[in-house]
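Colleague: Chain H is fixed; fit chains A, B and D onto it per the hints.
There are 4 protein chains.
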Amino acid sequence: MSTERPLRLALFGSGRIGQVHARNMAAHPGIELALIADPFIDGARRLAEATGARAVQDPEEVFAEPGLDGVIIGSPTPTHVDLISRSAARGLAVLCEKPIDLDINTVLACREQIRGYTVPIMLGFNRRFDPSFAEVRSRVEAGEIGRLEQVTIISRDPAPAPRDYIASSGGIFRDMTIHDLDMARFFVPDIVEVSAVGSNVFSDEIKELDDFDSVTVTLRGSGGELITITNSRHCAFGYDQRLEAFGATGMLSAGNVTPTTVRKSGAEGTEESAPYLPFFLERYAQAYMAELDAFAHSIRTGAPCSPSFEDGVAALVLANAAAESALTGKTVSVAGANA
Amino acid sequence: MSTERPLRLALFGSGRIGQVHARNMAAHPGIELALIADPFIDGARRLAEATGARAVQDPEEVFAEPGLDGVIIGSPTPTHVDLISRSAARGLAVLCEKPIDLDINTVLACREQIRGYTVPIMLGFNRRFDPSFAEVRSRVEAGEIGRLEQVTIISRDPAPAPRDYIASSGGIFRDMTIHDLDMARFFVPDIVEVSAVGSNVFSDEIKELDDFDSVTVTLRGSGGELITITNSRHCAFGYDQRLEAFGATGMLSAGNVTPTTVRKSGAEGTEESAPYLPFFLERYAQAYMAELDAFAHSIRTGAPCSPSFEDGVAALVLANAAAESALTGKTVSVAGANA
Amino acid sequence: MSTERPLRLALFGSGRIGQVHARNMAAHPGIELALIADPFIDGARRLAEATGARAVQDPEEVFAEPGLDGVIIGSPTPTHVDLISRSAARGLAVLCEKPIDLDINTVLACREQIRGYTVPIMLGFNRRFDPSFAEVRSRVEAGEIGRLEQVTIISRDPAPAPRDYIASSGGIFRDMTIHDLDMARFFVPDIVEVSAVGSNVFSDEIKELDDFDSVTVTLRGSGGELITITNSRHCAFGYDQRLEAFGATGMLSAGNVTPTTVRKSGAEGTEESAPYLPFFLERYAQAYMAELDAFAHSIRTGAPCSPSFEDGVAALVLANAAAESALTGKTVSVAGANA
Amino acid sequence: MSTERPLRLALFGSGRIGQVHARNMAAHPGIELALIADPFIDGARRLAEATGARAVQDPEEVFAEPGLDGVIIGSPTPTHVDLISRSAARGLAVLCEKPIDLDINTVLACREQIRGYTVPIMLGFNRRFDPSFAEVRSRVEAGEIGRLEQVTIISRDPAPAPRDYIASSGGIFRDMTIHDLDMARFFVPDIVEVSAVGSNVFSDEIKELDDFDSVTVTLRGSGGELITITNSRHCAFGYDQRLEAFGATGMLSAGNVTPTTVRKSGAEGTEESAPYLPFFLERYAQAYMAELDAFAHSIRTGAPCSPSFEDGVAALVLANAAAESALTGKTVSVAGANA
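Protein chains in written order, with our numbering: chain H, 27 to 365; chain A, 27 to 365; chain B, 27 to 365; chain D, 27 to 365.
In this list, chains with the same sequence are indistinguishable; a pair is considered to hold if it fits within one copy or across any two.
In silico SDA-like pairs for lysine to any residue, Cα to Cα no more than 20 Å straight-line:
#	residue 1	residue 2
1	K124	A316
2	K233	S248
3	K233	A274
4	K356	V218
Everything labelled a hint here was simulated from the structure, so no lab data went into it.
Just chain H, with the same shape it has in the complex:
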């Protein structure tokens, strides 16, 4: 690789997730972060200074830049489809944070617009790149537990996002569960039915926003596989991110991550670990780097992206179905809508 020229990339958005991508690109030996675009130019400037990039305010400056290979879109959700379309139209590879958009019609319109473009368009479902989840999946694929029958996903955030974030998030299914729905499809791409139950057990604020603070979702795959997702918007002991894949001949599980292997035993209890890594920046630090590697690999080789734009569409379809099921109390068929 040392003989290849580095890929030249631009970044949209200098917020929390933009910073993750910017620092990873700056540290990546095969990538040059050329531009960071953000209407809030101060943030872009600070980040550009720390990563050796150039800050710009207007996306047009990105599209006018010669010699770019691709973009990473980490700007607010409402900007996604426009930036995807315009980038793809200019032959720039795209890695876009989830979700594509909160409105499925907007997403489907975007799909039409980019039809025919051949550049890699990748969705930022970072958890597919978590080393533990990825290992479970590859060992399932390798047949280590026989035919896959059930998947249990537990996913709890450490604490609710601020009220404003929640209010514009599209609701827990489209904002939070969507990651787990993609994880379900990572194991069972062809989902045919969605049942969901939502509840309000701890947050009056979330209730006032007509959103749930706790949900469970059951998915059925076309092969009869049953996947259950359990979500909560809070968790006293950290970021709870676990998964079990149960098959005909065994089970593979991926647990939470502690910063070290230290355990303590004392008069009150034994073998106590430290709290789990606090949130996604820590837990999925390796995943973000592996995601960037995969994006670079797709650009260089033209290999199909995973997760793809279509995976982003499918996850939103499932999230919408879950929201509908939680509202109506009825199982929603999504046969044919994904996979």
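Modeller: Just chains A, B and D now, with coordinates in the frame of chain H:
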């Protein structure tokens, strides 16, 4: 206790579960197993010989026996309601194996018949007495994890029962899930909604019997609590019986049980435990003894039974609701039907 | 077994360990506890009442009893050799608590006296019967980790015994470490060298008694195997009893035991277990029952005892060598003195 | 830090450990790797190309380079003292791989030569920077387990080094155990006595070289603390690096590290982890980076180094004492020789 005379009990049924109860009674310092009744008199005789009891063929001989304090009903399900009613009518305390009956109308008729009798009538939901599950529940009750929000129950049998058993079992919800439904109510007595999904992923035989081999159930409690149950009729690594109680300030979990603490590390893998205890006779051996203790305690003190006849009714109501939900794809309201 | 008459046994000593044996014998289907002998007749009476035995004051009454098969010696250490010799002389099988005696000359004299008697004489090194330790050993014997190279034994009491007990205990090596020395010989019977280091880190009382509160011992087997023992007279988190067997192709370990599988996660820490089982009565409850089974088996079949009288001699030889090594700072050769 | 100019460092040695340091320096935002010196200039060139440094053959070129802040010495052991002395004399900070030298007299002579120089001189005992070991130590220092009483260190290499390496290694105590001796001093700096036992259980090659393949060492601290070290030159399940600190009120332990949290359960066994990280490059990858950070911090702030040159001396004194003890079978006093 040594100064009290032992309780004199009789046992209906000398099959697998009858043998468990007979041996536990024989070993219990405060209990005398007087009679074992079974139409298959040979089985009753063998068991009676091993436990120092007397074998009889006709239940009437039990009811004619003077000085009995109570009975344990371990005979086939269709005999339960009749034996409960007749025993209670004679002032005998009852510990009856689950389910009371597969037909809710029969169960409700039985409830009418025993109305007014004051003897303890206890249902054999043995898992409430598992030391780990019982500890989780008592620590939840003690407020150790704050308000209870979510319960995750995973329960898988090692292998499907024989075809004949399945055919007359009343279906997976009434036969297998019913234990987990009672466990759910052990934590959240007042369940208001039931959603279930069933699937056939590995057994053609079970499919031919119009039953599911794998199911998931989501329950909602009156306080918004969400309980998920995951069942499979088979499990390659033993009897999978786990539970997590998630609350506002923490989580308590109970795991599977291995025969010893031995772990092995070698070139292929590390920290490998032995397979889990194979099935309920081994996993719940302590639970059956604790259940017997609790039954004896209720007889001696008149303390209310837990689980009670009403708990048996409630579990069946939930099992029926789950079966209906799996069939219709609709959430079933059971508000007011239990707790 | 149900057709055999029960073995008739007598018990010497109604103290803490005597009570363990008495209750186990009372509960054992193949054993009848006939007599309990103790000069402190009140204790014997209470225990006899609880177990259906007869209390006697004078050992002679045991030896005069017709139809006895054997005795269990749980009386104070100074009575052991006399009771062993007299029991063996009368054709009674013996299960004697450790140690045979604190004085090796007394032990060797006893060995001479019982030479030629063919009744089973078994030493009460109960840990050989712990299910976890026994499993590690049998899997080592089966070759599961190749040639055995190293054994790591960690053994800590929850709290020091009372001053009077310590004062007459023979010192930590002969009183406490002796169990671990036997455990070492359970894995590597032929020990050739002993090195020990003693220290006083927490108890002024033990120091005043010229004893150590903490010691480590390294043993070398005739095949070059290295065994390390780490002891402390106290442990804040319960009875710490662990073992690792390391071989050419892997490692088998046995860990501490908790009452249940419950683990707690909260804001301060995760996956915390309850404190370990508090002391030997709880941790080795199963071991004492298995030991009794093995004793009964030896009586019935004439099979050689393990641990045998010779194992008791060997452990004392090692304990003496460890005490000498800790005093002199020199490795002590014990080649030929055991195995 | 972004406003400070990077530290300019040079590296001696482009072998395995040199490559670790070179890549870490290249990735470190506050360090510029200026020169790599190695008589085998091809290796230096390849590594320099990959890390943006300049390769030189003669150490003099390093000493002639203007504007250097320090050096990392990763060249063969016999070159260490010369390079330390010459670097320190030129005012260059030094991070030198262990050991300083295999000959204590050479080490002491070097100590005389550098007396009076004030530049940081740090020893490369990388394990002090392992996140788990460092956390245990800091929590012990914080008093979390009360007074420290016992430390158990288990340290096994995956496989023996090649014959040539072993032959010139100075023996297992000076080559391998020396890391564990420093770890012991990390917890208990003032060691007063050393007892060691060596054995040959698996390698005829090592035996022919008059070296041991397996050893145990017991250290006593001036406060009576007992530290045990168990070493083996091979380990079937990976690089076995564990530590337990036992104190008056509890225990802190650090376990082995697996690449992910994945565990597998199947018919043959349950909860099996992957093999541990294979060797020091993987297990101590984070430690090497933290070590480099600490070195940079000392250079910038003048803060005392840990581990220091004196720690290097002390570890060698202990290794020599262990070798002597294993040979003579006598405990060796080292009171006053360290701490």
